[in-house]
Amino acid sequence: MTNEAKLRFEFDVDGDNFTSAGTASETVKYNLKQLGIAPDIIRRVAIVMYEGEINMVIHAKGGKAVVEIDSDEINITLKDVGPGIPDINLAMQEGWSTAPDNIRSLGFGAGMGLPNMKKYSDKMEIESVVGEGTTVKMCVKIRKEA
Amino acid sequence: MKIREIVELLGAKVLCCEEDLDNEVTSACASDMMSDVLAFVKDQAVLVTGLANPQVVRTALMMDIRCVVYVRGKNPDSLSVELARQKGIVLLSCDKRMFPACGILYDAGLKGGDLAV
Ligand SMILES: Nc1ncnc2c1ncn2[C@@H]1O[C@H](COP(=O)(O)OP(=O)(O)OP(=O)(O)O)[C@@H](O)[C@H]1O
Ligand SMILES: [Mg+2]
Chain A
0 MTNEAKLRFE FDVDGDNFTS AGTASETVKY NLKQLGIAPD IIRRVAIVMY EGEINMVIHA
60 KGGKAVVEID SDEINITLKD VGPGIPDINL AMQEGWSTAP DNIRSLGFGA GMGLPNMKKY
120 SDKMEIESVV GEGTTVKMCV KIRKEA
Chain B
0 MKIREIVELL GAKVLCCEED LDNEVTSACA SDMMSDVLAF VKDQAVLVTG LANPQVVRTA
60 LMMDIRCVVY VRGKNPDSLS VELARQKGIV LLSCDKRMFP ACGILYDAGL KGGDLAV
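Line by line, the protein sequences give chains A and B. Residue 0 is where the first sequence starts when you use numbering that gives the first Met the number 0, and the numbers rise one by one after that. Residue 0 is where the second sequence starts when you use numbering that gives the first Met the number 0, and the numbers rise one by one after that.
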């Protein structure tokens, strides 16, 4: 472990505005590029964070996103106080979605978001309590351990 | 192929970033579901879609997609165009339906990518 300073970004994700959903991910992508992170790593972070950010907007009325960057990895924490996920295993299945038709007509609700987040992160943890909210933590490694 | 060729093949309108029409693209994906697109990781890609809200452009941005083709004569809102212009994503609109548009592009050499990082 290095003891280099961590970079930290925090965002409020507005749950009432579908149009602005994804702006936090956009900002993170921009900053990672400025930091000179490799393009494939940036793309993976962008995908998993954007999927998570969209989920917070369409399923949970918004929340908070925190992104921490050090020399080894990028950690993304998405926390909402939405309805929670009753069955996480089910939610993780490709194609499972509770998104209503109006969300589908906007291009979301294929039930692919969580599977994408799992696939493109190196580590993902979901904690969810029905009626209290959901916290998704994802890690993308910049340097693989030797 | 160059994005310019897509414009010719589909008889498309260029909505922004005309200066980038000589950029090369090699693969494409087509969907109206954004998570479908987000599962597709390929370089120098084109997105063909019938959906026209700002999340389409944001999805393209996340994926480093260089060109979005709207089919069925769809036109994106001004926010989409503004975002795309800012980020250098070429937006095209054509009257063709999804299937023929994809067929024409595939025939001309654009390939679908694998699902891999
Ligand atoms: N933050 C969240 N709060 C509450 N429920 C959630 C949250 N994230 C996901 N879910 C539930 O898990 C299901 C699956 O999520 P996933 O992201 O895989 O698919 P989707 O959002 O429905 O569609 P897609 O991501 O393909 O657009 C959702 O339909 C929803 O029921
Ligand atoms: Mg989702």
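Simulated from the structure, these hints should not be mistaken for lab results. Remember, predicted model here, so these are calculated numbers, not experimental data. Note that the Cβ used here is the ideal one computed from N, Cα and C, for glycine as well. Check before you lean on any hint, since a few could be wrong.
Distance windows between CB atoms, simulated [stated by the list, open to error]: (1) L34/A x K86/B: 41 to 49 Å; (2) E126/A x G10/B: 45 to 53 Å; (3) G130/A x N22/B: 34 to 42 Å; (4) L78/B x P99/A: 37 to 45 Å; (5) D94/B x A4/A: 53 to 61 Å; (6) K140/A x A107/B: 15 to 23 Å; (7) E126/A x D94/B: 27 to 35 Å; (8) K86/B x N101/A: 53 to 61 Å; (9) E18/B x G130/A: 47 to 55 Å; (10) D106/B x K60/A: 40 to 48 Å; (11) R103/A x L78/B: 50 to 58 Å.
Compare the structure with the hints numbered earlier in the document and write down the numbers of the violated ones, lowest to highest.
-> Violated hints: 1, 3, 4, 6, 7, 8 and 11; rest satisfied.
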